[in-house]
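Per our numbering, the very first residue in the sequence shown carries number 94; after that it's consecutive.
Keep in mind the hints are simulated off the structure, nothing from the lab. Hints are not guaranteed to be accurate.
What the hints assert, rightly or not - Quick list of simulated restraints, FRET-style, between CB atoms:
#1 Ala305 to Arg338: 33 to 39 angstroms
#2 His127 to Glu415: 26 to 32 angstroms
#3 Arg423 to His304: 19 to 25 angstroms
#4 Val104 to Leu411: 31 to 37 angstroms
#5 Gly458 to Ser118: 41 to 47 angstroms
#6 Gly478 to Thr418: 43 to 49 angstroms
#7 Ala231 to Ala336: 28 to 34 angstroms
#8 Asp514 to Glu222: 27 to 33 angstroms
#9 Asp514 to His304: 28 to 34 angstroms
#10 Gly502 to Gly478: 47 to 53 angstroms
#11 Thr418 to Ile485: 36 to 42 angstroms
#12 Ser499 to Asp141: 36 to 42 angstroms
As the list claims (entries may be wrong) - Capping the alpha-carbon separation at 27 angstroms, the derived lysine-lysine pairs in DSS-like fashion look like this:
#13 Lys311 to Lys484
#14 Lys307 to Lys420
#15 Lys404 to Lys237
#16 Lys205 to Lys282
#17 Lys282 to Lys404
#18 Lys311 to Lys171
Glycine residues also receive a C-beta, built at the ideal position from the N, C-alpha and C atoms.
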Amino acid sequence: MPNSQYTPGIVSGRLSENEYAENFSDLHAPLDGHEATVAADRCYFCHDAPCMTACPTSIDIPLFIRQIATGTPEAAAKTIFDQNILGGMCARVCPTETLCEEVCVREVAEGKPVEIGRLQRYATDTLMEKGVHPYTRAKATGKKVAVVGAGPAGLSAAHRLAMKGHDVDLFDARAKAGGLNEFGIAAYKSVDGFAAREVDWLMEIGGITLHADKALGKDLELARLQDDYDAVFLGIGLGGVNALRAPGENNDGVIDAVDFIADLRQTDTLSALPVGRNVVVIGGGMTAVDAAVQSKLLGADNVTMVYRRGKEAMSASLYEQELATAKGVRIIYNAQPRVVLGEGAASGVEFEYTKSENGALQGTGEVFTIAADQVFKAIGQTLIGAPEGLKIAGGKIEVSETGATSLNGVWAGGDCATGGDDLTVTGVAEGRDAAEDIHSFLMGGA
94 MPNSQYTPGI VSGRLSENEY AENFSDLHAP LDGHEATVAA DRCYFCHDAP CMTACPTSID
154 IPLFIRQIAT GTPEAAAKTI FDQNILGGMC ARVCPTETLC EEVCVREVAE GKPVEIGRLQ
214 RYATDTLMEK GVHPYTRAKA TGKKVAVVGA GPAGLSAAHR LAMKGHDVDL FDARAKAGGL
274 NEFGIAAYKS VDGFAAREVD WLMEIGGITL HADKALGKDL ELARLQDDYD AVFLGIGLGG
334 VNALRAPGEN NDGVIDAVDF IADLRQTDTL SALPVGRNVV VIGGGMTAVD AAVQSKLLGA
394 DNVTMVYRRG KEAMSASLYE QELATAKGVR IIYNAQPRVV LGEGAASGVE FEYTKSENGA
454 LQGTGEVFTI AADQVFKAIG QTLIGAPEGL KIAGGKIEVS ETGATSLNGV WAGGDCATGG
514 DDLTVTGVAE GRDAAEDIHS FLMGGA
């Protein structure tokens, strides 16, 4: 956290406890039974459902909505979990507005899609609250698999492998499992410790042993894991944060947004978290939006997001951009940082407007300054600590369609691997598919 002697504007406890509780309450209230039935009745149950095609985990969306409509939400949840074992969290954080709901026939025809995400949450919460895990393990195979990284990809792979009868040792560099779901999601999207409860529920399959505080390259060596296990899955995420490459970046008050969000997610007392009066967030992705919105909710007076390209190029969805502005965040497009101002502590950021010519981003020479006592860097993450021998492409571990790496017996998935978008739901799909390929490999397949 910033040194308060240099940054007097960064303080904690700006709001009342009631204001903190209201600001960080559930972003979307869960549906009750009647509301779920009404929402499900809007579905056309399309035969060639575009929503199912748009879902990275290929959940049979028309089927689970029909099951809700007929009063069997537990069956609907099983339909979801068969494809996406982290369907509860994905229902909360998945950008459905750019996936299943965007292509919903109701959206195309009326501009109002079936509320697929909220219906998925209703179904999965209903089953999870029953306290009974819906899956049982197959007969033990005698095979052991190491899964490194207990984020969405690793958890998905571990559950599917355990269900197949393999024994899984699940390693994570942090003290708690969950990865992005536990440490990187805005607090108002996942309340009441849901991420941790979902991990506990997933582990009820049995056959998975969690080893916390075990980092690859520090406590674990890939070559040793290859010797000790029949297969290895890497879901190690992206541990490094890109630099601004601007003078003043090391000033006090300049913070990695991912660290800020992790601190917020792990605190028991929101009033203990310091926030600036004038906050600038540099970046255009989900992390940038989450940092900006939560700064405002913690009591910052002015919060500005600045993105170097145009609105349409922003990786955060239009819905998320509108959420930010609705919470009082100002977004400036087509500007890049030149220097973080201040002597020892940030006092502002000087930006230069940008333009795109022939696909290349260029500065226009026109500059402006925004006052800032706190600056969050949210300009992407990089892979660090990739073991030798793994082929790297585009800064990530190169994998096949089923997650196989260049090393025999080693698979990878999630943010650390080449593949789809860096989303929770994509990581789940990649972990699941890699687990199926690992199972085939272990049982004598190609």
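Hints, one by one, checked against the model:
1. Ala305 to Arg338: 33 to 39 angstroms: holds, 34 angstroms
2. His127 to Glu415: 26 to 32 angstroms: Roughly 28 angstroms apart at Cβ, these two residues keep to the hinted range, so it holds.
3. Arg423 to His304: 19 to 25 angstroms: Given range 19 to 25 angstroms: violated, Cβ gap about 44 angstroms.
4. Val104 to Leu411: 31 to 37 angstroms: holds, 34 angstroms
5. Gly458 to Ser118: 41 to 47 angstroms: Given a distance of about 45 angstroms, which is inside 41 to 47 angstroms, the answer is holds.
6. Gly478 to Thr418: 43 to 49 angstroms: violated, 37 angstroms
7. Ala231 to Ala336: 28 to 34 angstroms: violated, 47 angstroms
8. Asp514 to Glu222: 27 to 33 angstroms: holds, 30 angstroms
9. Asp514 to His304: 28 to 34 angstroms: holds, 29 angstroms
10. Gly502 to Gly478: 47 to 53 angstroms: violated, 20 angstroms
11. Thr418 to Ile485: 36 to 42 angstroms: Holds - the Cβ-Cβ distance for Thr418 and Ile485, about 38 angstroms, lies within 36 to 42 angstroms.
12. Ser499 to Asp141: 36 to 42 angstroms: With a Cβ separation near 37 angstroms, Ser499 and Asp141 satisfy 36 to 42 angstroms, so the hint holds.
13. Lys311 to Lys484: Given pair Lys311, Lys484 holds - Cα atoms ~20 angstroms apart, limit 27 angstroms.
14. Lys307 to Lys420: violated, 38 angstroms
15. Lys404 to Lys237: violated, 47 angstroms
16. Lys205 to Lys282: holds, 22 angstroms
17. Lys282 to Lys404: holds, 23 angstroms
18. Lys311 to Lys171: violated, 39 angstroms
Consistency note: the structure conflicts with the earlier hints numbered 3, 6, 7, 10, 14, 15, 18.
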